[in-house]
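For reference, the chains in residue letters:
Protein chains: 2
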Amino acid sequence: MSRPPGRKQENHKISRELFVLTYGALVAQLCKDYEKDEDVNTFLDRMGYGIGVRLIDDFLARSAVKKCRSYSETADMIAQVAFKMYLGVTPSVSCSNTAGNEFSLILDKNPLVDFVEELPAERASLCYCNLLCGVIRGALEMVQLAAEVTFLQDRLKGDAVTEIGITFLRKAEDRKHKR
Amino acid sequence: MSRPPGRKQENHKISRELFVLTYGALVAQLCKDYEKDEDVNTFLDRMGYGIGVRLIDDFLARSAVKKCRSYSETADMIAQVAFKMYLGVTPSVSCSNTAGNEFSLILDKNPLVDFVEELPAERASLCYCNLLCGVIRGALEMVQLAAEVTFLQDRLKGDAVTEIGITFLRKAEDRKHKR
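Here the protein sequences line up with chains A and B, keeping their order.
Residue numbers 1 to 179, in the UniProt record's numbering, belong to the letters of the first sequence in order.
Residue numbers 1 to 179, in the UniProt record's numbering, belong to the letters of the second sequence in order.
Treat the hints with care, since some could be wrong.
[Unchecked claim] Below 25 angstroms or equal to it, Euclidean Cα-Cα: the simulated DSS-like pairs (lysine-lysine) are: (1) 32(A) to 32(B); (2) 66(B) to 36(A); (3) 157(A) to 36(A); (4) 66(B) to 13(A); (5) 36(B) to 32(A); (6) 13(B) to 109(A); (7) 13(B) to 13(A).
[Said to hold, decoys possible] Derived, one-sided and incomplete: chain A residues facing chain B with beta-carbon distance under 7 angstroms: (8) 12; (9) 15; (10) 19; (11) 23; (12) 26; (13) 85; (14) 87; (15) 156; (16) 160.
[To be verified] Interface residues of chain A toward chain B, partial, derived using beta-carbon atoms under 10 angstroms: (17) 21; (18) 47; (19) 50; (20) 54; (21) 146.
Worth flagging that the hints you see were computed from the coordinates, not collected in a lab.
All C-beta atoms in this analysis are idealised placements derived from N, C-alpha and C, irrespective of residue type, glycine included.
Working from the sequences, and respecting the hints, build out all of it.
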């Protein structure tokens, strides 16, 4: 109880519950502000984008990871290092197409909805965790990777798992170089 | 990199930066919604109250602390266990009156403002972290302790430290019993 504040204070580790409840308060506020679910989803994604753009520096500094050499490595990094670091869970990753630029992050358990029973009937189209998509998109953009990030399945909507789809958008020049 | 998800997933520990940035997005949204700083402060406090009311169960379960026998013990518990658990820092605690029901939590460093440079000039009365006051108030109320919780000093406003004041409100019956 009486150990003095010291080095351990700077390890940046916290329990996630205050975050999860604060996120819930943010979504509730946006639902008050915007009538349409689509508008809330868009706003959460945009807000997340702004967060991702700033979070990437922290991630690179704290994880000390090397440059990824493939989309597959990048997807693994997001799931196994970033999700673990910021949400305390590790989604499984699978590649969803032969071109190798579409990936799914599958969350058996989504800590962000820990305190959410279910979506209210009038909010059936809400992507409650859409902030995460924006965060991933924003962070990837800062390491020169354009991507589309969306929820493909959501346990809050009755799906068996929660699935985030990441599609890396290849640039025309990239394709040319690879041929 | 390839360790399977397992027991460690459930330790609930995360890096706080995503939380800190998400909190910033919440405050920014409220500043859009409410013109007056006082209204934002009130709203943050109320929102925090709702969070504290729900967070207390998590805190009691996770910390496995025993019942506090004095206001002083309670203030220490908030600083040394709860702040450490949910924000990763340990404020110092001092009692501010002879009656022994007023306490100050002093934060040399407030992680919630990690990404905040300074308050905009037009938001000089904003209590940026007022959510915390509400959280403490709500959580205390659930263990039958009424309290007033406010920011007394704030580094964001140029003060040397950030100081949260907690005044436990004694009930008339309590006083009677103690005599």
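Hints versus structure:
no. : hint            : in the structure
1   : 32(A) to 32(B)  : holds (13 angstroms)
2   : 66(B) to 36(A)  : violated (46 angstroms)
3   : 157(A) to 36(A) : holds (17 angstroms)
4   : 66(B) to 13(A)  : holds (24 angstroms)
5   : 36(B) to 32(A)  : holds (18 angstroms)
6   : 13(B) to 109(A) : holds (15 angstroms)
7   : 13(B) to 13(A)  : holds (6 angstroms)
8   : 12              : holds (5 angstroms)
9   : 15              : holds (5 angstroms)
10  : 19              : holds (4 angstroms)
11  : 23              : holds (6 angstroms)
12  : 26              : holds (4 angstroms)
13  : 85              : holds (5 angstroms)
14  : 87              : holds (6 angstroms)
15  : 156             : violated (18 angstroms)
16  : 160             : violated (17 angstroms)
17  : 21              : holds (4 angstroms)
18  : 47              : holds (5 angstroms)
19  : 50              : holds (7 angstroms)
20  : 54              : holds (6 angstroms)
21  : 146             : violated (22 angstroms)
Checked against the numbered hints given earlier, the structure breaks hints 2, 15, 16 and 21 and satisfies all the rest.
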